[in-house]
Structures are given as C-alpha cells and as structure tokens.
Amino acid sequence: MKPPVFAFVAPRSLPEALALLARHGEDGKVLAGGQSLLPVLNFRLNQPAVLVDLNRVAELEHVTAVEGGLRMGALTRQRQLERHPLVAERAPLLAEAVHHIAHPQIRNRGTVGGSLAHADPAAELPALAVALGARLRLQRTGEERWVEADEFYTGLFGTLLAPDELLTEIEWPAPPVGCGWAFEESARRHGDYAQVGVAAVVRLDGAGRCAEARLVFLAVASRPFVAQRAAAVLAGAEPGDEALDAAAAAAAGEIEPGSDVHASAEFKRFLAERLTRRVLRRAFEVARRRQGAGVGGAA
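Numbering (our numbering), first residue to last: 13 to 311.
Careful, some of the hints might be misleading.
As the list claims (entries may be wrong) - Pairwise CB distance ranges, derived in the manner of DEER restraints: (1) VAL78 / ALA258: 19 to 25 Å; (2) TRP158 / ASN120: 54 to 60 Å; (3) ARG221 / ARG56: 22 to 28 Å; (4) GLY270 / GLN59: 23 to 29 Å; (5) ARG286 / GLU79: 34 to 40 Å; (6) VAL189 / PRO97: 18 to 24 Å; (7) ARG221 / ARG95: 33 to 39 Å; (8) ARG221 / ARG68: 47 to 53 Å; (9) ASP257 / GLU38: 47 to 53 Å; (10) ARG293 / PRO97: 24 to 30 Å; (11) ASN120 / GLY220: 39 to 45 Å.
No wet-lab data here; the hints were simulated from the structure. Ideal Cβ placement from N, Cα and C applies to all residues, glycine included.
Generate coordinates for the entire structure from the input sequences, incorporating the hints supplied.
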C-alpha cells in the first residue's frame, strides 16, 4: 500500500507549527513518531492535504521536574520513559508499564504525545494518563488550555483536540505518601496489541485501609475505562484477599468489552478479573512499603 499524495512541511518552532495548523485546519495532519500515522496513511484511512512534521520543533521534546510532579514535551520519545531518571523518580508507574508498549524499535520513534492524541483504546499511555490524573496542555495560535486526561478522551480515537490545536505538554503528578501503583496486561505475544490491560493507583490511610483506588482498563471500551464500581468496593476496606476478590469481580462485571480479533468478550472479562486481582495486590504492596518508609512525592 502507498499513502496518498500530500504536501510536506517541517516547521522549526512551535509558533510556526501552530500557524500551519491554523492555516490548514482539517486538511492538515501532524506527524510525530509516525508509528500510528504512517500505517493509517498507507491504508488511506486518512488522506490529509498537508503533513506537518514536528520532529524539528525542539521545544516539544523535554522532561522537566516541576513542583509536585513531572512535565514532559509531547515529542518525548517513549523510550525516554524507560531511561530518564526523573521518570523513575516522579512517575514510576510510567517507567514500570512502558515496556509493554510494542517493541524497543517502536518506542525509539514513538512519542508520548502522539500516543495520547491518537487515542487508540488499546494503547497503554492513554489509560496510564487517566489513572495517574495527568493534565494535558493544548495550544493553538494565541491560546492554550489545560485539560484533565479523563476529560480529554471522547470516544473511539476521539479527543477534545480541535483541528488547529496541538497537544504540546503533559504534566504527571508525583505519587503522595501511602500511594501505590501497578500495571498488568495480557497479550498473545509480548508486543502484540493487548487483549486487556489495567492500571491501578491506590492510597492507604493511616490505619492501613484503602483511602482511594483508581482502576483504568484498556482494550475493553472505546476509550480508557474507569472502573468506578470496583473502586467503590475497595473504599474504606482492608485490602486483603476478600476485598481484592470482590473488587476483581466488580470490575469484570462492569466492563462491557466487545469481541475482536484478539479475544472474545467473555475471555476479556475472564482476563479482567484475574488481572485486577493481581494488579491490586501489587499496588497495595507498593503502598505499604512506601507508607512504612514515609516516602512521598518530590517537590
């Protein structure tokens, strides 16, 4: 397959890139890592008149410590999530989960912002952004806005991004004292699309009970799915086997996955229950260790 004919432009600054998007609107398409866009173009599922290559816009590629967390440019490569010490320190769930994303060759080119904006419901980064409460910076010429990751996704490959807007930065909050996390997914082979995946972020109170829990699934809905009933089961509970079993059953009951080439709906529910139990057990273990050590988020 070959892509359609298009004009190609490579701006060298963010204002120049935003001006191009404002000029071309829906006829323009942004190229970052290209790991999702190029196959779409080759299959002619999208036929833009203009391709705006962001790879020369240096200000979009950075990882910076900020008060209460971490900020990174949208052009930051996924491989950086594995290697950058600030990611391990301030967004450890990202460092843990990123090796599930495809293969090293893909992560070398794939970008954090590109994956978030592509909004594939089977992708890891959108689910992680929702689970961690990330904030996304959307910019157009002369304007900007910050949106919560949970509000950013509107449906299948759908986001709040307007045709002339660009996702430029992502802010990840650092985990507070008593907070634990874990990520699990199941795929036929490592690097394949996930059949089901789940990110868990939990927080213990001073008595060792669950003060807060957030479970976000990928590959079970048209967007990252927040399992609210499962979280409600855990609220105020001592996180032992009984509570984890009840939460896992609640999660499997509240998702409504469709069957696809990777797994049937019934098998996805089976996986969801087992992955939920496993990911919660690990997350609460991390929370207990950090609570005992008095470890909190970096300022």
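ARG56 and ARG221 - C-beta distance against the hinted 22 to 28 Å: With a Cβ separation near 54 Å, ARG221 and ARG56 fall outside 22 to 28 Å, so the hint is violated.
Just to be sure I understand the hint, the distance between the Cβ atoms of ARG293 and PRO97 should be within 24 to 30 Å; is that true here? Since ARG293 and PRO97 have Cβ atoms about 28 Å apart, the given range 24 to 30 Å holds.
Taking the CB of VAL78 and the CB of ALA258, does the distance hold inside 19 to 25 Å? violated, 38 Å
Starting from the hint 33 to 39 Å, judge whether the C-beta atoms of ARG221 and ARG95 obey it. Given range 33 to 39 Å: holds, Cβ gap about 36 Å.
Taking the Cβ atom of GLY270 and the Cβ atom of GLN59, is their distance within the range 23 to 29 Å? holds, 27 Å
Would you say the C-beta atoms of VAL189 and PRO97 sit inside 18 to 24 Å of each other? Given a distance of about 21 Å, which is inside 18 to 24 Å, the answer is holds.
Could you say whether the range 47 to 53 Å given as a hint is met by the Cβ separation of ASP257 and GLU38? Given range 47 to 53 Å: holds, Cβ gap about 49 Å.
Does 47 to 53 Å hold as the CB distance between ARG221 and ARG68, or does it fail? holds, 51 Å
Distance restraint evaluation - ARG286, GLU79, Cβ atoms, bounds 34 to 40 Å: holds, 39 Å
Is 54 to 60 Å right for how far apart the beta carbons of TRP158 and ASN120 are? violated, 29 Å
Assessment of proposed distance window 39 to 45 Å (beta carbons of ASN120, GLY220): Given about 42 Å between the Cβ atoms, the range holds.
In this structure, the earlier hints numbered 1, 2 and 3 are contradicted, and the remaining ones agree with it.
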